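Protein sequences, first through last, are from chains A and B. Just so we're aligned, residue 1 is where the first sequence starts under the working numbering, counting upward by one. Just so we're aligned, residue 212 is where the second sequence starts under the working numbering, counting upward by one.
Derived by calculation from the structure, the hints in this document are not laboratory data. Model, not experiment: these values are computed from the prediction. Certain hints may be false.
[What the hints assert, rightly or not] Below, computed lysine-lysine pairings styled on BS3-like, alpha-carbon distance capped at 27 Å:
| # | chain 1 | residue 1 | chain 2 | residue 2 |
| --- | --- | --- | --- | --- |
| 1 | A | K163 | B | K248 |
| 2 | A | K7 | B | K236 |
| 3 | B | K218 | A | K7 |
| 4 | B | K295 | B | K248 |
| 5 | B | K374 | A | K25 |
| 6 | B | K236 | A | K69 |
| 7 | B | K218 | A | K37 |
| 8 | A | K37 | A | K7 |
| 9 | A | K163 | B | K374 |
Protein chains: 2
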Amino acid sequence: MKTDIPKPTLDRLVSLARLLNQLEKDVSVVSSAELEKLTGWSRDTIRRDISLLGANCSTASGYKISELKTTIHKYIGSPDETIKCCIVGLGRMGEALMEYSGFANTAFKLVAGFDSNVNRTETLRSPFPLYTTTQMESVIKNERIEFAILTVPEQSAQAVAEKLVEYGITGIVNFTTAILSLPETIKIENISVLDALQKLAAQYSVLGSKK
Amino acid sequence: MKTDIPKPTLDRLVSLARLLNQLEKDVSVVSSAELEKLTGWSRDTIRRDISLLGANCSTASGYKISELKTTIHKYIGSPDETIKCCIVGLGRMGEALMEYSGFANTAFKLVAGFDSNVNRTETLRSPFPLYTTTQMESVIKNERIEFAILTVPEQSAQAVAEKLVEYGITGIVNFTTAILSLPETIKIENISVLDALQKLAAQYSVLGSKK
Chain A
1 MKTDIPKPTL
11 DRLVSLARLL
21 NQLEKDVSVV
31 SSAELEKLTG
41 WSRDTIRRDI
51 SLLGANCSTA
61 SGYKISELKT
71 TIHKYIGSPD
81 ETIKCCIVGL
91 GRMGEALMEY
101 SGFANTAFKL
111 VAGFDSNVNR
121 TETLRSPFPL
131 YTTTQMESVI
141 KNERIEFAIL
151 TVPEQSAQAV
161 AEKLVEYGIT
171 GIVNFTTAIL
181 SLPETIKIEN
191 ISVLDALQKL
201 AAQYSVLGSK
211 K
Chain B
212 MKTDIPKPTL
222 DRLVSLARLL
232 NQLEKDVSVV
242 SSAELEKLTG
252 WSRDTIRRDI
262 SLLGANCSTA
272 SGYKISELKT
282 TIHKYIGSPD
292 ETIKCCIVGL
302 GRMGEALMEY
312 SGFANTAFKL
322 VAGFDSNVNR
332 TETLRSPFPL
342 YTTTQMESVI
352 KNERIEFAIL
362 TVPEQSAQAV
372 AEKLVEYGIT
382 GIVNFTTAIL
392 SLPETIKIEN
402 ISVLDALQKL
412 AAQYSVLGSK
422 K
């Protein structure tokens with residue numbers, strides 16, 4: 001049953017869980033019309049996504065937020081488990097992510113950072129240990145790190161990603177512009193500011209609403 | 212006809228255009244099976260997306276890359292037009308994006324950066340002018356800046372975004388964890404490393420392939 005949820009729905013559920021987390025501070029119930037306004041997805045899409053979870057979290061005035069959140073987390077994974085992550089590449093982007101405070105109270109724990117340049121690993125201040133790339137294999141294996149955030153230069157991205165997979169990494173958030181070619185069992189999420197800008201432009205181009 | 216293309220297809224076409232750009236350096240034809248391998252989307256999805264463009268770019272051995280690229284760009288917007296962009300918030304993340312070299316040869320041109328802290332705008336080195344937030348209105352209007360990359364702290368994100376819209380910004384790449392509530396005509400693309408990690412975890416959770 002679980003495997004019937006398509007990837008686009010899964011992606012929306014992830015964002016929805018985060019949204020519900022924020023809403024929960026102020027309200028206990030939210031309607032699909034309100035969710036439509038906050039997410040930009042149609043209320044039909046939202047209703048269909050939630051119906052795929054097979055649980056009834058709705059009242060006459062909308063969805064019960066805490067129940068809906070619990071139900072979604074059954075599918076996308078619970079925030080109570082801990083998934084160890086590392087940052088690979090400590091240039092400006094890696095450094096910016098290193099200081100990102102959003103990981104508190106999530107399932108994800110940054111436990112290591114890697115860079116080929118020993119000057120970076122020795123001088124950067126970090127809330128978790130930094131290592132040179134030569135120590136990557138032992139640290140990833142010993143710490144049982146599962147996911148990597150890849151922020152190396154584009155030209156080394158593929159080679160580094162292959163090493164990460166060899167050492168046991170099963171998921172990569174790819175901040176580089178390289179298109180990674182890895183075994184099918186490895187999950188990849190690409191993050192690209194250019195793609196995001198192009199997606200904005202595409203909507204105007206297609207909808208013809210841009211002057 | 213153009214408006215019939217759904218957002219998920221549009222998003223895939225954006226990524227596909229970037230992929231074709233890279234492939235073009237080495238080959239002139241690519242099959243849907245090869246694209247499946249490189250993107251992770253099924254070949255049926257890829258074929259359906261491309262068929263929605265209503266043009267025939269395929270040969271017996273696959274799609275003609277240059278033709279397919281041109282066709283896609285008719286829908287997502289051409290790289291020849293110039294869309295002016297700005298970075299709002301020059302903390303670590305804004306600084307990292309400022310130095311990002313990927314904008315060359317794209318439709319997007321970074322023309323301004325803004326920060327409320329005059330120390331940042333005066334001391335940071337940048338390939339484009341930096342201004343304090345008080346100058347935001349005049350610069351955005353005079354330069355006719357269309358899109359903004361939002362990298363301010365979460366607590367000021369909504370207020371700053373509303374100002375941007377007031378000054379004429381029509382699209383926002385939101386790097387903050389805030390969920391922006393803006394008029395429907397304004398396009399938003401959210402970028403979140405946490406959502407990306409959660410999407411990786413969700414795939415393992417749903418597919419049950421994680422130990």
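Hints, one by one, checked against the model:
For a cut-off of 27 Å, the pair hint linking K163 (chain A) to K248 (chain B) stands: about 19 Å separates their Cα positions. With a C-alpha separation of about 31 Å, the suggested pair K7 (chain A) and K236 (chain B) falls outside the 27 Å cut-off, and the hint is violated. A hinted pair counts as satisfied when its Cα atoms are at most 27 Å apart, and K218 (chain B) with K7 (chain A) qualifies at roughly 14 Å. A threshold of 27 Å between alpha carbons decides the hint, and for K295 (chain B) with K248 (chain B) the separation of about 34 Å lies outside it, so the pair is violated.
With a C-alpha separation of about 25 Å, the suggested pair K374 (chain B) and K25 (chain A) falls inside the 27 Å cut-off, and the hint holds. Taken as a hint, the K236 (chain B) and K69 (chain A) pair is broken in the structure, with Cα atoms around 46 Å apart against an allowance of 27 Å. Distance check on the hinted pair: K218 (chain B) and K37 (chain A) sit about 16 Å apart at the alpha-carbon level, within 27 Å; holds. Simply put, K37 (chain A) and K7 (chain A) have alpha-carbon atoms about 22 Å apart, close enough for the 27 Å limit, and the pair holds.
Distance hint between K163 (chain A) and K374 (chain B) is unfulfilled; the C-alpha atoms sit about 45 Å from each other, more than 27 Å.
Going through the hint list in order, the structure does not satisfy hints 2, 4, 6, 9.
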